[in-house]
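One-letter residues, chain by chain:
There are 2 protein chains.
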Amino acid sequence: MARRGLLLILSSPSGAGKSTLAQRLMAWDPTLRFSISATTRPPRSAEQDGREYFFRSREAFEAMVSTGDMLEHAEVFGNLYGSPRGPVEAAMKDGRDTLFDIDWQGGQQIRNSALGRDVVSVFVLPPSIAELESRLRGRAQDSEEVIAGRMAKSQSEISHWAEYDYVIVNRDLDQAFAELTTILQAERLKRDRQPDLADFVRGLNSEFGAR
Amino acid sequence: MARRGLLLILSSPSGAGKSTLAQRLMAWDPTLRFSISATTRPPRSAEQDGREYFFRSREAFEAMVSTGDMLEHAEVFGNLYGSPRGPVEAAMKDGRDTLFDIDWQGGQQIRNSALGRDVVSVFVLPPSIAELESRLRGRAQDSEEVIAGRMAKSQSEISHWAEYDYVIVNRDLDQAFAELTTILQAERLKRDRQPDLADFVRGLNSEFGAR
Numbered sequence: 001m002a003r004r005g006l007l008l009i010l011s012s013p014s015g016a017g018k019s020t021l022a023q024r025l026m027a028w029d030p031t032l033r034f035s036i037s038a039t040t041r042p043p044r045s046a047e048q049d050g051r052e053y054f055f056r057s058r059e060a061f062e063a064m065v066s067t068g069d070m071l072e073h074a075e076v077f078g079n080l081y082g083s084p085r086g087p088v089e090a091a092m093k094d095g096r097d098t099l100f101d102i103d104w105q106g107g108q109q110i111r112n113s114a115l116g117r118d119v120v121s122v123f124v125l126p127p128s129i130a131e132l133e134s135r136l137r138g139r140a141q142d143s144e145e146v147i148a149g150r151m152a153k154s155q156s157e158i159s160h161w162a163e164y165d166y167v168i169v170n171r172d173l174d175q176a177f178a179e180l181t182t183i184l185q186a187e188r189l190k191r192d193r194q195p196d197l198a199d200f201v202r203g204l205n206s207e208f209g210a211r
Numbered sequence: 001m002a003r004r005g006l007l008l009i010l011s012s013p014s015g016a017g018k019s020t021l022a023q024r025l026m027a028w029d030p031t032l033r034f035s036i037s038a039t040t041r042p043p044r045s046a047e048q049d050g051r052e053y054f055f056r057s058r059e060a061f062e063a064m065v066s067t068g069d070m071l072e073h074a075e076v077f078g079n080l081y082g083s084p085r086g087p088v089e090a091a092m093k094d095g096r097d098t099l100f101d102i103d104w105q106g107g108q109q110i111r112n113s114a115l116g117r118d119v120v121s122v123f124v125l126p127p128s129i130a131e132l133e134s135r136l137r138g139r140a141q142d143s144e145e146v147i148a149g150r151m152a153k154s155q156s157e158i159s160h161w162a163e164y165d166y167v168i169v170n171r172d173l174d175q176a177f178a179e180l181t182t183i184l185q186a187e188r189l190k191r192d193r194q195p196d197l198a199d200f201v202r203g204l205n206s207e208f209g210a211r
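The listed protein sequences derive, respectively, from chains A and B.
Those letters in the first sequence? Residues 1 to 211, by our numbering.
Those letters in the second sequence? Residues 1 to 211, by our numbering.
Heads up, a few of these hints could be off.
Identical chains share a label here; the pair holds if one copy fits it or two copies do between them.
[Stated by the list, open to error] EDC-like cross-link-like pairs, simulated, lysine to aspartate or glutamate; straight-line CA separation at most 20 Å:
| # | residue 1 | residue 2 |
| --- | --- | --- |
| 1 | 190 | 157 |
| 2 | 190 | 69 |
| 3 | 93 | 187 |
| 4 | 190 | 172 |
| 5 | 93 | 52 |
| 6 | 93 | 62 |
| 7 | 190 | 118 |
| 8 | 93 | 29 |
| 9 | 190 | 174 |
| 10 | 153 | 207 |
| 11 | 93 | 199 |
| 12 | 190 | 207 |
| 13 | 190 | 165 |
| 14 | 93 | 131 |
| 15 | 93 | 133 |
| 16 | 190 | 94 |
| 17 | 93 | 157 |
| 18 | 153 | 131 |
| 19 | 153 | 142 |
| 20 | 93 | 118 |
| 21 | 190 | 47 |
| 22 | 93 | 47 |
Source of the hints: derived by calculation from the structure; they are not laboratory data.
Here chain A stands alone, though its shape is the one from the complex (with noise of 0.2 Å):
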């Protein structure tokens, strides 16, 4: 009987650090699968349909909410973004665990579907303000429009810190990622996650029997 797998949902403003982590997490533990979100945003310059999203049509993408096939899926900033739910459901028959970036709006709609209880959830809190700005300001060439913006989802996406099962506070990358595998390590000892024990215990009990 093979395990089934988690989904470890990733969430937290933009610039605290989060797809970092996500990208060390896939490097550090190659059995992970990364759920690539369905976007109806154009692709920017470098982007490839397939690898950082699924680039769709907004008629291509309701077809999907519409047919059960979005796991999860919310509006920002005027573009829909989702999660498709094939790959995930296949990888957790594959007994394979699922990362999601995603944002406090699709982690509560996984977490109260009927895979909730598959769901480890985990907040990514910046040290504080300052440095999330310094590092949303470090990285592009955005319009004070843009960064306000950003500024604005970063403090609605903070208020819903307390709707996950771990937070780390990453004031140190290194620490960060060594809480996170712990975090990941830790839920993959739980008994409910591994339904080979009840085979193994079974075997210790026909050992008793044959003494």
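Go by the hints and put chain B onto chain A.
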């Protein structure tokens, strides 16, 4: 606001390595408090009152039970064993975690008590019954009758493995110990075990307000 200490319950059949794991965990984390059990069994040669156990008369033990001063207690091989409540509650208030090396009966009672939500329970399984028996025989010159009694108790203990949050198969002591520390560290990252976070997030929100 100090964090609230958790109750780490470690159970296993005797010979599966639980006590060695408990000792290593105490050495690894000096903030952890070990819950010394009270018992009505007489002390063995090298044992000291208040170190291995609190040695009590049956009358004194039963008086503690009747005044609610035992968090859990059970009778094993004609002797009473129990966990005094006072030191545990004091540690919790100080934000210190308490380690319990107790059997399934004690684990069940604490899990079902008012402190149940503070419990993290870990069951340690032996790699095989042959290995368990060889460890039991290796460590003492006990009679066949005593060995048979311990093996029967082991079988009954193992039958409760599925009541625990986490399960570790002790194939290799270093690996099992690494898994145990991983579980403790991850549990400390749970949101509801970090009450200081609420203040921290209030601070972030003030920073947003002051921008």
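Hint-by-hint comparison with the structure:
no. : hint       : in the structure
1   : 190 to 157 : between (29 Å within a copy, 19 Å between copies)
2   : 190 to 69  : neither (29 Å within a copy, 31 Å between copies)
3   : 93 to 187  : within (17 Å within a copy, 27 Å between copies)
4   : 190 to 172 : between (28 Å within a copy, 18 Å between copies)
5   : 93 to 52   : neither (24 Å within a copy, 47 Å between copies)
6   : 93 to 62   : neither (26 Å within a copy, 52 Å between copies)
7   : 190 to 118 : both (11 Å within a copy, 16 Å between copies)
8   : 93 to 29   : within (18 Å within a copy, 38 Å between copies)
9   : 190 to 174 : between (25 Å within a copy, 19 Å between copies)
10  : 153 to 207 : between (59 Å within a copy, 15 Å between copies)
11  : 93 to 199  : within (19 Å within a copy, 41 Å between copies)
12  : 190 to 207 : neither (25 Å within a copy, 38 Å between copies)
13  : 190 to 165 : both (14 Å within a copy, 6 Å between copies)
14  : 93 to 131  : neither (40 Å within a copy, 34 Å between copies)
15  : 93 to 133  : neither (40 Å within a copy, 37 Å between copies)
16  : 190 to 94  : within (18 Å within a copy, 28 Å between copies)
17  : 93 to 157  : neither (31 Å within a copy, 32 Å between copies)
18  : 153 to 131 : within (16 Å within a copy, 57 Å between copies)
19  : 153 to 142 : within (15 Å within a copy, 68 Å between copies)
20  : 93 to 118  : within (12 Å within a copy, 32 Å between copies)
21  : 190 to 47  : neither (38 Å within a copy, 35 Å between copies)
22  : 93 to 47   : neither (30 Å within a copy, 52 Å between copies)
In summary, the structure is inconsistent with hints 2, 5, 6, 12, 14, 15, 17, 21 and 22 from the numbered list given earlier, while agreeing with the others.
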